[in-house]
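Chains as they are written, first to last, in the numbering used here: chain Z, 220 to 775; chain L, 220 to 775.
In case anyone wonders, no lab produced these hints; they're calculated from the structure.
Certain hints may be false.
All copies of an identical chain are treated as equivalent in the list; a pair is satisfied when it fits inside any one copy or across any two copies.
To be verified - Restricting the straight-line Cα-Cα distance to at most 20 angstroms, the calculated cross-link-like pairs of lysine to aspartate or glutamate (DMTMM-like) are:
| no. | residue 1 | residue 2 |
| --- | --- | --- |
| 1 | K757 | D456 |
| 2 | K640 | D619 |
| 3 | K254 | D469 |
| 4 | K757 | E372 |
| 5 | K668 | E694 |
| 6 | K756 | D456 |
| 7 | K684 | D699 |
| 8 | K756 | E372 |
| 9 | K756 | D376 |
| 10 | K539 | D272 |
| 11 | K695 | E664 |
Number of protein chains: 2
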Amino acid sequence: MKTDIEISQSVDLQPITSIGQSIGLKEDDLELYGKYKAKIDFSTIQRLAKGEDGKLILVTSINPTPAGEGKSTVTIGLGDALNEIGVKTMIALREPSLGPVMGIKGGAAGGGFAQVLPMEDINLHFTGDMHAITTANNALSALLDNHIHQGNELGIDARRVIWKRVVDLNDRELRQVMVGLGGPIQGVPREDGFDITVASEIMAILCLASDLEDLKSRLGNIVVAYTFELEPVTVSDLGVQGALTLLLKDALKPNLVQTIYGTAALVHGGPFANIAHGCNSLLATKTALKLGEYTVTEAGFGADLGAEKFLDIKVPNLKKAPDAVVIVATIRALKMHGGVAKASLTEENIPALVKGFANLQKHIENMRSYGLPVVVAINEFSGDTQNELTTLKELCETQDVPVELTSVWANGPKGGISLAKRVIQVIDEQENDFHSIYQSGMNLEDKIKSIVTKIYGGSDVSFSKKAQKQLATFEKYGWDRLPVCMAKTQYSLSDDPEKLGRPGDFMITIRELVPKIGAGFIVALTGDVMTMPGLPKKPAALNMDVDQNGQAIGLF
Amino acid sequence: MKTDIEISQSVDLQPITSIGQSIGLKEDDLELYGKYKAKIDFSTIQRLAKGEDGKLILVTSINPTPAGEGKSTVTIGLGDALNEIGVKTMIALREPSLGPVMGIKGGAAGGGFAQVLPMEDINLHFTGDMHAITTANNALSALLDNHIHQGNELGIDARRVIWKRVVDLNDRELRQVMVGLGGPIQGVPREDGFDITVASEIMAILCLASDLEDLKSRLGNIVVAYTFELEPVTVSDLGVQGALTLLLKDALKPNLVQTIYGTAALVHGGPFANIAHGCNSLLATKTALKLGEYTVTEAGFGADLGAEKFLDIKVPNLKKAPDAVVIVATIRALKMHGGVAKASLTEENIPALVKGFANLQKHIENMRSYGLPVVVAINEFSGDTQNELTTLKELCETQDVPVELTSVWANGPKGGISLAKRVIQVIDEQENDFHSIYQSGMNLEDKIKSIVTKIYGGSDVSFSKKAQKQLATFEKYGWDRLPVCMAKTQYSLSDDPEKLGRPGDFMITIRELVPKIGAGFIVALTGDVMTMPGLPKKPAALNMDVDQNGQAIGLF
Numbered sequence: 220m221k222t223d224i225e226i227s228q229s230v231d232l233q234p235i236t237s238i239g240q241s242i243g244l245k246e247d248d249l250e251l252y253g254k255y256k257a258k259i260d261f262s263t264i265q266r267l268a269k270g271e272d273g274k275l276i277l278v279t280s281i282n283p284t285p286a287g288e289g290k291s292t293v294t295i296g297l298g299d300a301l302n303e304i305g306v307k308t309m310i311a312l313r314e315p316s317l318g319p320v321m322g323i324k325g326g327a328a329g330g331g332f333a334q335v336l337p338m339e340d341i342n343l344h345f346t347g348d349m350h351a352i353t354t355a356n357n358a359l360s361a362l363l364d365n366h367i368h369q370g371n372e373l374g375i376d377a378r379r380v381i382w383k384r385v386v387d388l389n390d391r392e393l394r395q396v397m398v399g400l401g402g403p404i405q406g407v408p409r410e411d412g413f414d415i416t417v418a419s420e421i422m423a424i425l426c427l428a429s430d431l432e433d434l435k436s437r438l439g440n441i442v443v444a445y446t447f448e449l450e451p452v453t454v455s456d457l458g459v460q461g462a463l464t465l466l467l468k469d470a471l472k473p474n475l476v477q478t479i480y481g482t483a484a485l486v487h488g489g490p491f492a493n494i495a496h497g498c499n500s501l502l503a504t505k506t507a508l509k510l511g512e513y514t515v516t517e518a519g520f521g522a523d524l525g526a527e528k529f530l531d532i533k534v535p536n537l538k539k540a541p542d543a544v545v546i547v548a549t550i551r552a553l554k555m556h557g558g559v560a561k562a563s564l565t566e567e568n569i570p571a572l573v574k575g576f577a578n579l580q581k582h583i584e585n586m587r588s589y590g591l592p593v594v595v596a597i598n599e600f601s602g603d604t605q606n607e608l609t610t611l612k613e614l615c616e617t618q619d620v621p622v623e624l625t626s627v628w629a630n631g632p633k634g635g636i637s638l639a640k641r642v643i644q645v646i647d648e649q650e651n652d653f654h655s656i657y658q659s660g661m662n663l664e665d666k667i668k669s670i671v672t673k674i675y676g677g678s679d680v681s682f683s684k685k686a687q688k689q690l691a692t693f694e695k696y697g698w699d700r701l702p703v704c705m706a707k708t709q710y711s712l713s714d715d716p717e718k719l720g721r722p723g724d725f726m727i728t729i730r731e732l733v734p735k736i737g738a739g740f741i742v743a744l745t746g747d748v749m750t751m752p753g754l755p756k757k758p759a760a761l762n763m764d765v766d767q768n769g770q771a772i773g774l775f
Numbered sequence: 220m221k222t223d224i225e226i227s228q229s230v231d232l233q234p235i236t237s238i239g240q241s242i243g244l245k246e247d248d249l250e251l252y253g254k255y256k257a258k259i260d261f262s263t264i265q266r267l268a269k270g271e272d273g274k275l276i277l278v279t280s281i282n283p284t285p286a287g288e289g290k291s292t293v294t295i296g297l298g299d300a301l302n303e304i305g306v307k308t309m310i311a312l313r314e315p316s317l318g319p320v321m322g323i324k325g326g327a328a329g330g331g332f333a334q335v336l337p338m339e340d341i342n343l344h345f346t347g348d349m350h351a352i353t354t355a356n357n358a359l360s361a362l363l364d365n366h367i368h369q370g371n372e373l374g375i376d377a378r379r380v381i382w383k384r385v386v387d388l389n390d391r392e393l394r395q396v397m398v399g400l401g402g403p404i405q406g407v408p409r410e411d412g413f414d415i416t417v418a419s420e421i422m423a424i425l426c427l428a429s430d431l432e433d434l435k436s437r438l439g440n441i442v443v444a445y446t447f448e449l450e451p452v453t454v455s456d457l458g459v460q461g462a463l464t465l466l467l468k469d470a471l472k473p474n475l476v477q478t479i480y481g482t483a484a485l486v487h488g489g490p491f492a493n494i495a496h497g498c499n500s501l502l503a504t505k506t507a508l509k510l511g512e513y514t515v516t517e518a519g520f521g522a523d524l525g526a527e528k529f530l531d532i533k534v535p536n537l538k539k540a541p542d543a544v545v546i547v548a549t550i551r552a553l554k555m556h557g558g559v560a561k562a563s564l565t566e567e568n569i570p571a572l573v574k575g576f577a578n579l580q581k582h583i584e585n586m587r588s589y590g591l592p593v594v595v596a597i598n599e600f601s602g603d604t605q606n607e608l609t610t611l612k613e614l615c616e617t618q619d620v621p622v623e624l625t626s627v628w629a630n631g632p633k634g635g636i637s638l639a640k641r642v643i644q645v646i647d648e649q650e651n652d653f654h655s656i657y658q659s660g661m662n663l664e665d666k667i668k669s670i671v672t673k674i675y676g677g678s679d680v681s682f683s684k685k686a687q688k689q690l691a692t693f694e695k696y697g698w699d700r701l702p703v704c705m706a707k708t709q710y711s712l713s714d715d716p717e718k719l720g721r722p723g724d725f726m727i728t729i730r731e732l733v734p735k736i737g738a739g740f741i742v743a744l745t746g747d748v749m750t751m752p753g754l755p756k757k758p759a760a761l762n763m764d765v766d767q768n769g770q771a772i773g774l775f
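Just chain Z, same shape as in the assembly:
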């Protein structure tokens, strides 16, 4: 069996200008990055903005397990399948972070015969967006610390700097650091920490900004610290929103690439869904909606994280709700939710499947609670037994939810045609009554409680002393009506990664709130979730190499 990278390297890519042409874009609409990648010009985006939106399909999943679900793979395969049956379809995806690429995953551009290409470039530096965000984030840190060092006119309390530095790597060593050591000419000593780039507020802003002006205005609103009088200090106070916008002007343009089967895909922006808002950029989705009759997009991790944030944070900015939601599940993953260990997944286990189905059931209920039509996609693995597949279909039927098998990993677009047809049917036939699960006028505490009780299925929320104090302070600053971006483990509906399936009667603990005023939301940190991952004992990097022709080895 070929690996992902072997499949990708065997494909004859079309010039990206031809892909552009296939969706009505001229060469002048594109800024080429090599032969197979391009950014779309702002003037093109503005021109397209006058057109009508196509339909939007949001792909999400059950809580992820080490067994693998294949959400990106199904997203890509579904897009290919829709094109295969003659429906003009765009794909909108997030771009991968080097942290997981070098750490555990080795790559994140789909898999098998459902990949976006060139997967090597997409998984490595791509068009430099991540690096631009890292640089803008750290330039802000340097400028902020320089302000304090050079006289501190704004009266910033160095103990109350909340702006952290970032790297696009998994580097636990940088989670908690002391900076400015070595005496008076080496800056001001203070505690600091590094997040992974995808958790940077600048990543969130890039993914929510509607144009350059909005980007600059949001950057200016970032709160970086507090003064000795406890007043918030913003980027505008430092006067560097222009410089940051300059560093991000190209990164804001969506990236056009292609799937193995020549479907046009916009791959742009990459916040994680556990510690950030988990959706590709607004501009990519908006542009895709103008270019395709259908757009297939994904949100990160399970529907409790990515989809919830898509619906409660992105949709109000996008001003367009999905027309349908596809929830991806695998037999293997559901058996893990039913208590089976990874090593035993090859054995048929109907009771575990039935037990694990509770996780899928909760996500179906959740997505329906937003008033959205739902389709379940069972992403086939070779070890799935006929008994298991039949059981899962029957379980879905008890929920009255349409369900389809997909085999796009092994079979490409042909493996997704029944899913594609079913999704179109559901959009055409089922009612879409989209509404948020909380009122925008609610305060932070109530919004968090709504998410925990309605989406996670928890019984209640407890706020740490620190978080309680922050709720009061944020009210004073006028931040108490902002949307909430939960930071929570992806592995469980609860904040305990060990609780698989559909845990009940659990509490969620909010240990800290982080204001992201430029992005326009408040991050609520639950449990032990960390905004900087670590590397495993044997990182994927150990297997990476380049052959003598400059081709990548070890990305998959």
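Take the given structure of chain Z and dock chain L to it, following the hints.
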């Protein structure tokens, strides 16, 4: 008077494919990065390698002052002028670092009517080379710290990690830090520090590697730490040279851009000349030599730093010495070397000029000591008086050195024609008897003494206790015959930035040696020189912005 960015934005750029065509490159030889930037394929470089080398002109300067010398400007203008008189000429330059761009300089792509374009892109993220180097450097740090954290099989002494993290920014706050704080799951607490990316050994390696294989082998040789038994630990020991090569495979390809007048320029690699080896990449110079009858290149800061390193570090790798050296000076800068304050530079001051000429004289002597033909280029400023110009010409004549006025900043190629003709004449007529100023078989101590006494004009060298101990240790490791890369202030021939002109009878103190075994040299830190700059009180970033069309403001 138009600013640099206004001039650059008023130019109708040629498509980079046309520039490629003008030097014999087909579209397939190029990887486009937008319409006006491209990387040159490895296969093209290999094909070209069979051709003959053209002539090489190295542009250097007196010790820089706040008055400005314009070395890059003269390099670009000379290239344009050579093309103007019908000689097929290439330019090879370093790429700018965002540190100084955001800090003091605001940009580094020439000036006036002698610029490489698109200057906005070149000054910001360009083709991502700097970011790839930053990422590879910091990925190595993360992998190294992860190794120690996850059992430390190699027995690395965390107190003896010498591999530092980097950012491509001026950030004094990161010079000295503590990392790994917060308890056992947050890594191993240790002292660490960040350098600016241009000082990374990976930058040096990228600029000295002859191909992908050489790159990988050099990366594998990097010494990152010592074990508890004081044995060096290399990247190969960690097994991550493949992953680092993968991260750098595109960054290794030279970048093609154009000047205002359509001269092809390879802008690639950017080590600073004070804290690193100060020359653009070997592959860019090699490729330029194959494509042009003449190649004009520069080395950073004064001839005591950039040119010395070009001749003693780069030339042995390049296996080709310059055919002539151009030393750039300005009346203003020489007056500063003669003791005039910046505010008084507008006044004619012949005695100060005569006194300051001593600096230029020393650099002329130095370049001649390598057996190379020398031409002095006086880069005209509007305030220069006729008396001053005449005096400087006469002073040069006392040294029997050819001297020409250039006004490429104001007049473009026409302002450099006399210089161009003179350089060709000198190459055709004068003897070139290139030889190094030290023997490669000398030990580190003797090499350092040779540079200090012969090039800087110092009386002797003193080694700190630490450096003395290192000399002994490095001998044990077999590193004592490597070339030396001096880290020294650029402002003075001595290690004291206050000593302008031609200081005599001074000592140089070597405070520490840093092994760069992958790059193949030992860095000798002198005086107070720092490998991470700081920002000034009013950084250039404060004036930067983007207009509504996405055009940059405040780069100059």
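Item to check | Intra- versus inter-copy proximity for D272 and K539 (alpha-carbon distance at most 20 angstroms) | outcome: For K539 and D272, the Cα distance is within 20 angstroms only inside one copy (9 angstroms; across copies 61 angstroms).
Next on the checklist: If the cut is 20 angstroms between Cα atoms, do K756 and D456 qualify within a copy, between copies, both or neither?
Outcome noted: between (43 angstroms within a copy, 15 angstroms between copies)
Next on the checklist: My question is about K668 and E694: at a cut-off of 20 angstroms on alpha-carbon distance, are they close within one copy, between copies, both, or neither?
Outcome noted: Within one copy, since 17 angstroms is at most 20 angstroms while 66 angstroms is not.
Checklist entry - With identical chains treated as interchangeable, where does the CA-CA distance between K695 and E664 reach 20 angstroms or less: within a copy, between copies, both, or neither? => result within (14 angstroms within a copy, 65 angstroms between copies)
Next on the checklist: Regarding K640 and D619, is the shortest C-alpha distance of 20 angstroms or less found within a copy, between copies, in both, or in neither?
Outcome noted: Within one copy only: 18 angstroms inside a chain, 85 angstroms across chains, cut-off 20 angstroms.
Checklist entry - Between copies, within a copy, both or neither: which fits K756 and E372 at Cα up to 20 angstroms? => result Intra 46 angstroms, inter 11 angstroms, cutoff 20 angstroms: inter-copy only.
Item to check | Intra- versus inter-subunit Cα pairing at 20 angstroms for K684 with D699 | outcome: Cα proximity of K684 and D699: one copy only (17 angstroms, versus 59 angstroms across).
Checklist entry - Is the C-alpha distance from K756 to D376 at most 20 angstroms within one copy, between copies, in both cases, or in neither? => result between (39 angstroms within a copy, 18 angstroms between copies)
Item to check | Copy assignment of K757 with D456, given that the CA separation must stay at most 20 angstroms | outcome: For K757 and D456, the Cα distance is within 20 angstroms only across copies (14 angstroms; inside one copy 45 angstroms).
Next on the checklist: Treating 20 angstroms as the Cα threshold, decide for K757 and E372: within, between, both or neither.
Outcome noted: between (48 angstroms within a copy, 12 angstroms between copies)
Checklist entry - Under a CA distance limit of 20 angstroms, which applies to K254 and D469: within one copy, between copies, both, or neither? => result Close inside one copy (18 angstroms) and across copies (14 angstroms); limit 20 angstroms.
In summary, the structure agrees with every hint in the numbered list given earlier.
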